[in-house]
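With chain X's structure known, arrange chain W on it following the hints.
Protein chains: 2
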Amino acid sequence: MRVLGVDPGLTRCGLGVVDVARDRRATLVGVGVVGTSADEPLDARLLVIARSIDEWLDRYEPEVVAVERVFSQLNVSTVMGVAQASGIVIAAAARRGIPVALHTPSEVKAAVTGSGRADKAAVTRMVTKILRLEASPRPADAADALALALAHAWRGAAPGSPSAVGRTTAMTASALTPAQRLWAEAESKARRKT
Amino acid sequence: MRVLGVDPGLTRCGLGVVDVARDRRATLVGVGVVGTSADEPLDARLLVIARSIDEWLDRYEPEVVAVERVFSQLNVSTVMGVAQASGIVIAAAARRGIPVALHTPSEVKAAVTGSGRADKAAVTRMVTKILRLEASPRPADAADALALALAHAWRGAAPGSPSAVGRTTAMTASALTPAQRLWAEAESKARRKT
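These protein sequences, in sequence, are chains X and W.
Per the numbering used here, the first sequence starts with residue 828, numbered consecutively.
Per the numbering used here, the second sequence starts with residue 828, numbered consecutively.
Just so you know, these hints were derived from the structure itself, not from any lab.
Beta carbons: idealized from backbone N, C-alpha and C, even for Gly.
Check the hints yourself; a few may be wrong.
Not close to chain W: a few residues of chain X, all C-beta gaps over 12 Å, as computed [stated by the list, open to error]: (1) 828; (2) 859; (3) 886; (4) 923; (5) 946; (6) 961.
Listed below are several chain X residues computed to face chain W (Cβ distance under 8 Å; list not exhaustive) [claimed, not checked]: (7) 846; (8) 847; (9) 849; (10) 856.
If we strip away everything but chain X, and leave its shape as in the complex, we get (with noise of 0.2 Å):
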């Protein structure tokens, strides 16, 4: 499954490509950060995001688009910059008729550490072990869209799915990083309340 993370913002938005296989093992396919200056008109910073999104759509090909859930609690000097290159991103994806989902910080930062409440440096470290990279993605918000990308890559074999669970207990341990080992523990202990 190949998933396109997008960690939307007017000033970086990051964008990260991932290709996970059957067994979760994930691959980076591209990793990149749009950036504007903020000197720069609001409808020329748009477009830059617009168009960025169209070239990432258009080379990758993206099963699904993952973003960002954005929440108005953020700080109220960016949150509009924020939804505003989430609605561009949104609908560029719907316009070629590939899916969007969107979660939450927290979700995908337990997704990928293990906690809901990592910090950023923990979420790069992650991303970096699991994806086998020599050196972290940087800034956070390329780090960030990658965690985006797996984290949904990963809840799609998420418990409740007959597959996803005949998958995760034909897994041995050995072969799991340590995040997809805390996922698919965290997949049991959900599995065990349902």
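Just chain W now, kept in the frame of chain X:
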């Protein structure tokens, strides 16, 4: 000058096109509301808005798009959708090289009614009068979009631009609608202050 005014929103997005002559006389070209249901997924809703704005830009070829400036002080449950819709509208105009102007609700109210604190009914009444319509545009979002377009067109002749000053003084009071008269007075006051 042809202006497309947009009152962005997810549930109701108001769209209004006016032609404004050099003497400030304004004519209705098109008005409508794009509605999406809260039962639909977000990507489907934003896609409807994206397609509609493209259609309006193609059909009416406005010289400027005037969009309501979104404030995060709005109701938190609706502000994100409003911002997402506005991002799509702004990017759509920017893609076509059409300039985008943002106006606050109070600027718009002041321009069409003479008071920045006018209520929705007063705005609708003045829009109906200014455009010499037989019936008021409904719902309020449609009237708001027209008010935005009018406010922008009239602002084009704002205090400070020499041509505007010449034009305002050359007009006789009897040739003006009540709103235009109020606006001309507001302009004079503003000029005196600066």
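Least C-beta distance from residue 961 of chain X to chain W larger than 12 Å: 35 Å, holds
Restraint check, 8 Å cut-off on beta carbons, for residue 846 of chain X near chain W: 22 Å, violated
Given as non-interface: residue 923 of chain X, partner chain W, CB spacing beyond 12 Å: 10 Å, violated
Interface exclusion of residue 828 of chain X relative to chain W, criterion Cβ beyond 12 Å: 18 Å, holds
Beyond 12 Å from each Cβ of chain W, as asserted for residue 886 of chain X: Fine: 19 Å to the nearest Cβ keeps residue 886 of chain X off the interface.
Chain W contact restraint on residue 849 of chain X - CB to CB distance below 8 Å: Violated. Min distance 26 Å.
When the least beta-carbon distance from residue 856 of chain X to chain W is tested against 8 Å, hint result: 22 Å, violated
Least C-beta distance between residue 859 of chain X and chain W, which was stated to exceed 12 Å: Holds: least Cβ distance 19 Å, greater than 12 Å.
Status of the residue 847 of chain X interface restraint (C-beta, 8 Å, chain W): 21 Å, violated
Minimum Cβ distance from residue 946 of chain X to chain W greater than 12 Å, as the annotation requires: The claim holds: residue 946 of chain X sits with its nearest Cβ about 25 Å from chain W, beyond 12 Å.
Hint compliance for this structure: hints 4, 7, 8, 9 and 10 are broken, all remaining hints hold.
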